[in-house]
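K.L.:
Chains A and B are the protein sequences, given in the same order. So in the numbering used here, spot 74 of the first sequence is number 74, and the numbers just go up one at a time. Each number in the numbering used here corresponds to the 1-based position in the second sequence with 100 added.
Just so you know, these hints were derived from the structure itself, not from any lab. Since the structure is predicted, the reported quantities are computational estimates derived from the model, not experimental observations. Check the hints yourself; a few may be wrong.
[What the hints assert, rightly or not] Listed below are several chain A residues computed to face chain B (Cβ distance under 7 Å; list not exhaustive):
(1) 3
(2) 6
(3) 25
(4) 47
(5) 81
[Stated by the list, open to error] Label-pair restraints from in silico Cβ distances:
(6) 208/B - 94/A: 27 to 35 Å
(7) 62/A - 285/B: 21 to 29 Å
(8) 97/A - 312/B: 24 to 32 Å
(9) 172/B - 62/A: 33 to 41 Å
(10) 13/A - 258/B: 20 to 28 Å
(11) 94/A - 171/B: 29 to 37 Å
(12) 94/A - 203/B: 48 to 56 Å
Where is the CB? At the ideal position from N, CA and C, for every residue including glycine.
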Amino acid sequence: MTDQTATLLAILGMAAVTFGCRISGLLLGARFRPAGRLRAAFDAIPPAVLTAVIAPTVLVTGWAETLAAAATIAVAFRAPMLATIVTGVFAVVVLRHGLG
Amino acid sequence: MTAAPSFSPSATAEIRQAIVDIAPAMVAAAPIGLLYGALATAKGMDVVDVLLASGLIFAGGAQLAAVQIWSYPVPIVALLISTLLINARYILMSASLAPKVAHLPLFGRILGFHVLADENWAMSERRAGGGRISAPYFFGMGTVFWINWMSFSLIGALTGPSIGDPTRYGADFAFTAMFIALTAGFARSRTSVLVIVAAAGAAAAAHLTIGAPWHVLAGALTGIVVAAVLGGETETAA
Numbered sequence: 001m002t003d004q005t006a007t008l009l010a011i012l013g014m015a016a017v018t019f020g021c022r023i024s025g026l027l028l029g030a031r032f033r034p035a036g037r038l039r040a041a042f043d044a045i046p047p048a049v050l051t052a053v054i055a056p057t058v059l060v061t062g063w064a065e066t067l068a069a070a071a072t073i074a075v076a077f078r079a080p081m082l083a084t085i086v087t088g089v090f091a092v093v094v095l096r097h098g099l100g
Numbered sequence: 101m102t103a104a105p106s107f108s109p110s111a112t113a114e115i116r117q118a119i120v121d122i123a124p125a126m127v128a129a130a131p132i133g134l135l136y137g138a139l140a141t142a143k144g145m146d147v148v149d150v151l152l153a154s155g156l157i158f159a160g161g162a163q164l165a166a167v168q169i170w171s172y173p174v175p176i177v178a179l180l181i182s183t184l185l186i187n188a189r190y191i192l193m194s195a196s197l198a199p200k201v202a203h204l205p206l207f208g209r210i211l212g213f214h215v216l217a218d219e220n221w222a223m224s225e226r227r228a229g230g231g232r233i234s235a236p237y238f239f240g241m242g243t244v245f246w247i248n249w250m251s252f253s254l255i256g257a258l259t260g261p262s263i264g265d266p267t268r269y270g271a272d273f274a275f276t277a278m279f280i281a282l283t284a285g286f287a288r289s290r291t292s293v294l295v296i297v298a299a300a301g302a303a304a305a306a307h308l309t310i311g312a313p314w315h316v317l318a319g320a321l322t323g324i325v326v327a328a329v330l331g332g333e334t335e336t337a338a
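Bound-form chain A, shown alone:
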C-alpha cells in the first residue's frame, strides 16, 4: 500500500469512526437514560477525555507549558473562552522565551 493510499484510508476511517459516534446518539435517543453510578460514569466522560488528551502537554512536556497551563486554568473559571485561549497562548510564548 502506498503512503497516499494509507493516508486516504486513515482519513476515511477516522471520518467513519467519528460519524458513527455522532450518529449513535440519534439512534439511542430518549431510550438511553442511565441512572446512579452509571449516570455518574457517563457524566464524567467529557471532562475525563478532554483532560486526558491535554495532560501530557500540561504535566510532562516542560515548565513553560505547565506554568502556562496553570495560568490558563486560573483564568478559565473567570473569563470567557476567547480570553482564556489568548491568556494561554500569550503565557506560553513568554515562558518559552524566558525559560528556553
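On the provided structure of chain A, position chain B as indicated by the hints.
P.N.:
Frame of chain A, contents of chain B only:
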C-alpha cells in the same frame, strides 16, 4: 404574524442569533484550524488530504492528536483507536441533544449531527433549555462553524510552509487552552474536580510509560472509574 412560513423574519433572526452565539468559538477555532493545516502539511499530507480530513472528520482534537502520532508507514489502527477514544464523547453528546431536534427531518438531523462539535453542541444545548431547538438555529450554526473550520484548515495548509514553526507563536497551545476552557465548564462539583485530577495524573503517567495514544484511554477510564466509585455521594452543586 403572517401566513408565510418558509423564510419568515423569525428564521432570519434565529440564524443571526446562532452566528452571534457561535462567533467566539469561531474566533477561537481559527488559530487551531491554521495550526492543523500547517502541522498536517508539515507531516506530508497535501491540501486535498487536509480538506478531506477537516470536512469529513471535523473534530479538532482528534485531528490534531492524529497529526501528533502521524508517521510513515501510516499507523492506521492507532489512528482509528485514538479517534474513537477522543470522539466517544459525541455518543453521549448526541444522545443528549437528539430529543431536542426530534421534530426535524431525519436527513437534516444526520447532516446536522455530522457537524456536531463541542462548541456548537454546548450552544445548542443551552439554546434548547429543556425544550426544542429551531431548524434555522441548529443548521445555521452547524454550517457556519463547518465553513469556518474548513477555511482556516485550508489557509493553514496553504500558508503553513511559509510561516515556519507554529510553536514559535504558541499556536500549538491554543488547542490546550481551549480544552482547559471546555474542561473548566464541567468542573462544577467536588466529584468532577476529582475526576479531572485523576484523569490528568493517569494520562500523564501512561504517556511517560506506554506512550500515545494510550494516555487518552488510561486517563479517561481512570476518571470514569473515580466518578462511578464516588457516584453514590450527594453532589454539592457549585
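K.L.:
Can you let me know if the beta-carbon spacing of residue 94/A and residue 171/B is within 29 to 37 Å?
P.N.:
holds, 32 Å
K.L.:
Range first: 33 to 41 Å. Now tell me if the beta carbons of residue 172/B and residue 62/A are that far apart.
P.N.:
Given range 33 to 41 Å: violated, Cβ gap about 27 Å.
K.L.:
Can you tell me whether the CB distance of residue 13/A to residue 258/B sits inside 20 to 28 Å?
P.N.:
holds, 25 Å
K.L.:
Using the Cβ atoms, figure out if residue 97/A sits within 24 to 32 Å of residue 312/B.
P.N.:
holds, 27 Å
K.L.:
Using the C-beta atoms of residue 208/B and residue 94/A, is the stated range 27 to 35 Å upheld?
P.N.:
Between residue 208/B and residue 94/A, where Cβ atoms are some 46 Å apart, the hint is violated.
K.L.:
Less than 7 Å between beta-carbons is the criterion; does residue 81/A satisfy it with respect to chain B?
P.N.:
OK, holds: residue 81/A within 7 Å of chain B, min 4 Å.
K.L.:
For the restraint on residue 6/A, tell me whether the closest CB of chain B is nearer than 7 Å.
P.N.:
holds, 4 Å
K.L.:
Do the Cβ positions of residue 94/A and residue 203/B conform to the proposed distance bound of 48 to 56 Å?
P.N.:
Since residue 94/A and residue 203/B have Cβ atoms about 50 Å apart, the given range 48 to 56 Å holds.
K.L.:
That 21 to 29 Å hint for residue 62/A and residue 285/B (C-beta), does it hold up?
P.N.:
Cβ of residue 62/A to Cβ of residue 285/B: about 26 Å, so the range 21 to 29 Å holds.
K.L.:
At a threshold of 7 Å, is the proposed contact between residue 3/A and chain B supported by beta-carbon distances?
P.N.:
Holds, about 5 Å.
K.L.:
Does the closest beta carbon of chain B sit nearer than 7 Å to the beta carbon of residue 47/A?
P.N.:
With a closest approach of 4 Å, the residue 47/A hint holds.
K.L.:
Please check whether residue 25/A passes as an interface residue: C-beta within 7 Å of a C-beta belonging to chain B.
P.N.:
Nearest chain B Cβ about 3 Å off; hint holds.
Checked against the numbered hints given earlier, this structure breaks hints 6, 9; the rest are met.
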